[in-house]
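**Student:** Each chain is listed here by its residues.
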Amino acid sequence: MAEAAARIGRPSREAVANAVLALALLAAPLIALQAGEPYYVNLSTRVAILAMAGVGLNLALGYGGMVSFGHAAFFGLGGYVAGIAAHHAFNYDLFMAWPVELEGTNQLLAIWPVALLVSGLAALLIGAFSLRTAGVQFIMITLAFAQMIYYFAISFPDYGGEDGLPIYTRNALPGLNTFDPLTFFLVAYGALMLAIGFTWVIMGARFGAALQAARMNETRLATTGIAPYPVKLTAFVLSGMITGLAGALFADLNGFVDPSMLSWHRSGEIMIFVILGGVGRLFGPVAGAALFVLMELFIGQWTEHWMLVLGLVLLTVVLFASGGLMGLLAGKPRHD
Amino acid sequence: MTDMASTALLSIRGLSKSFGALKATDDVTLDLRPGEIHALIGPNGAGKSTLIGQVAGWIRPDAGRIELMGRDVTRLPVHRRARMGLGRSFQVSSLALPISARRNVMLAVQARLGSSFRFLRPVRTDRRLRDEADAALARVGLSGRADAQAAELSHGERRQLEVACALALKPSILLLDEPMAGLGPEGSAELTRFLADLKREAAILLVEHDMDAVFALADRVTVLVQGRVLMTGTGAEVRADPAVREAYLGEDG
Amino acid sequence: MTYALVVEQALNGLQLGVTLFLMAAGLTLVFGVMGLINLAHGSLYMVGAFVCAWVAGATGSFWIGLLAGMAAAAAAGALIEIGVMRRLYARDHLDQVLATFALILVFAEGTRMIFGAQPLWLDMPAALSGSVTLPGGAPYPVYRLAIIGTGIAVAVGLYLLISRTRLGMRIRAGESDREMIGALGIDIRTLYTVVFALGAALAGLAGALVGALESVQIGMGEPVLILAFVVIVIGGIGSVKGALIGSVLVGVVDTMGRIGLPELFKLAMPASAATQFGASVASMAIYLLMAAILVVKPRGLFPVHG
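Residue numbers (the working numbering), protein chains in the order written: chain A, 1 to 336; chain B, 337 to 589; chain C, 590 to 895.
If you are wondering where the hints come from, they were derived from the structure by calculation, not from laboratory data. Among the hints, a few may not be true.
To be verified - Think about it this way: if two alpha-carbon atoms lie no more than 30 angstroms apart in a straight line, the pair counts; the simulated DSS-like pairs of lysine-lysine are:
#, chain 1, residue 1, chain 2, residue 2
1, C, K830, C, K886
2, C, K855, B, K359
3, C, K886, B, K359
4, B, K506, B, K535
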């Protein structure tokens with residue numbers, strides 16, 4: 001009894017680690033501003049946005065066991081939605097004239113839903129084909145489809161082809177000045193926390209129970225009478241949407257979008273956030289993205305070959321330290 | 337006398353399945369009637385597991401027909417058959433190992449209660465899922481292990497847990513593939529009593545090597561040899577049949 | 590579109606297909622025998638090209654360079670098999686993907702440190718630098734024909750190796766039953782290293798051969814690797830025969846699509862738009878082919894396992 005009471009009364013190690021991570025990320029830009037180092041505000045925004053891309057992938061990979069090597073497709077599509085909308089708004093011309101007239105916009109409240117819709121539709125199509133297979137085939141097919149979109153973006157000249165599209169003025173939210181770095185950080189941070197909260201809620205609900213069972217043992221799930229395919233496809237679509245929204249934010253942060261957002265290196269990077277942080281851990285992608293950006297910053301100052309160091313670190317984590325940063329901070333994941 | 341198929345819960349007609357040159361199931365016809373335990377016996381490699389696999393929906397037959405409660409399910413996927421009330425335990429248990437025994441059963445309750453596309457309400461505080469799961473665990477005698485990870489359970493306990501998962505579906509048919517294996521004499525006797533009681537709820541198609549249990553439990557026995565039905569009859573008839581003795585029982589002396 | 594152009598492009602498609610086969614054969618063998626997905630296979634292609642270009646530059650002989658490139662790729666392959674891959678056979682595919690992705694980063698930066706960021710140039714051997722006249726009258730480089738010939742020779746060689754030799758028997762045993770092969774008393778560790786080095790040598794060969802057509806640069810293996818993935822998804826993972834047929838299919842569809850689709854669209858839209866739009870669609874053609882094949886055969890044309 002005493003032990004049970006203690007368990008209820010005391011938050012788990014993971015909950016503590018999560019809270020510390022959330023607060024640290026929120027505090028970083030505030031401290032940076034106090035210290036007169038505004039550069040670090042944008043760096044924190046970068047962490048928040050990349051973490052959100054990882055949160056999206058984590059839903060498919062960590063919870064659903066779907067090893068997608070193509071999440072750059074959704075990230076890039078989200079980015080292109082923001083870029084293309086801004087491009088037409090800037091030029092005062094039409095995105096399309098038929099069957100309905102659509103013009104560009106710089107309103108994020110219009111851009112974000114479209115980014116969610118486009119990346120969700122792409123995830124639906126890619127997922128519908130890819131989930132007919134499993135294992136290695138799934139990895140290769142998601143990679144191949146993302147590469148298809150990448151090559152299309154390169155060879156399609158209207159939106160800059162290989163050079164990409166500039167976003168000359170950051171897209172806007174009513175009542176907020178998105179140009180202000182701290183404001184934009186808070187927008188990105190808020191989106192990240194919403195994505196994490198969303199993941200937490202649905203993973204605790206029946207849908208999450210079914211999805212996680214699909215990862216652990218698909219035979220068991222089907223035997224209990226739940227079809228794995230629609231559960232996994234739904235999770236894949238939601239996962240693509242979250243990563244897509246992160247992509248839209250990323251384009252606005254950088255002020256441009258180009259095909260590198262769609263490249264397979266980007267897919268690999270998003271996967272690295274998830275792995276460095278801890279697969280299937282709620283705040284894993286936050287820890288992973290923060291570690292990634294910090295390594296890029298500090299090792300990048302020290303040597304131009306920082307990718308070599310990243311490769312060796314990743315290799316070490318995979319071979320000897322599975323569980324990632326959250327595994328280190330919060331121990332093994334607990335199931336009840 | 338009415339047509340047998342119309343009163344049977346499960347009816348298998350002319351089922352055949354080959355893997356290359358091997359005829360794993362060869363023109364098998366059998367029925368499972370309400371309230372009965374129908375045992376499926378035969379030497380190793382007789383095609384018992386392939387037959388169970390086809391009934392559950394994992395293996396698609398080359399020819400023949402499977403009906404559940406009068407409905408043709410030959411081409412239905414596994415989960416649809418489960419939802420119709422076909423429960424199953426595996427020869428080698430197949431559970432979601434990282435989660436608790438209770439969570440494994442709750443999954444089956446969730447499947448029975450309807451949609452898994454519910455995104456908001458936490459499962460953790462869902463009394464209905466929890467209570468029904470606990471009831472199923474209690475019936476198989478696993479109440480004390482409800483919070484244990486499935487991975488921590490012994491082989492015998494995992495088999496019990498599979499039966500609890502099947503019961504949570506409120507099945508009308510149970511396919512039990514060697515449920516006695518690895519239980520030990522005491523466990524076997526207990527499970528035998530349990531199944532004798534259970535058959536009033538759900539008809540049972542039982543694959544079992546423990547002949548004592550088979551003859552104690554089975555209302556009818558079908559003997560499968562090299563994918564073919566050698567005979568179907570009561571336990572006494574099967575034991576008395578010279579062909580069966582030669583083909584199968586003779587092995588044990 | 591003239592007849593000569595079609596013949597020329599068909600040969601280009603075949604040449605691309607053959608190059609893909611050299612890559613896909615190694616990938617699919619490694620997966621078939623060891624159950625490993627190796628993203629770093631493209632890095633071995635790059636190693637073959639760089640070492641070939643460097644040695645050929647130093648010695649003045651393409652052929653010495655070619656041998657050195659293959660040997661270096663095989664050695665690099667054996668080295669990573671012993672150092673890294675061994676620890677991954679029992680792991681899940683996610684770990685394999687991540688570790689081999691890490692190797693790509695290491696190889697790319699390592700190559701940059703050794704050879705610098707500038708591309709290297711590799712001249713084709715003088716004996717193969719001429720051209721022949723195709724039926725239809727167009728000239729065609731002998732070197733590309735030599736690549737096609739090499740690919741066919743490798744395909745025949747692999748077939749003989751797998752079906753006729755002791756090593757081939759062990760490979761087949763390893764594909765069907767990993768435990769049986771241990772029971773047969775075959776030294777699995779050596780077998781795995783040999784298979785991996787063989788696949789690496791083929792990747793190095795492909796890189797060296799293509800190096801004389803394109804520039805030798807960091808990251809050159811990655812587009813080829815992804816096409817090779819498409820090939821083995823289409824052919825059926827683990828099947829060398831599937832890799833061969835998938836390679837030729839992908840090579841020809843990609844090449845013909847790039848000239849054929851703009852022509853096709855010209856029937857329905859203005860020429861300049863057709864060229865642009867056709868080129869964009871052509872860049873997706875092989876992926877659409879892959880999707881179409883997956884609808885009909887989710888496990889590829891020649892499924893192996895299960």
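**Student:** Compare the structure with the hints numbered earlier in the document and write down the numbers of the violated ones, lowest to highest.
**Tutor:** 2
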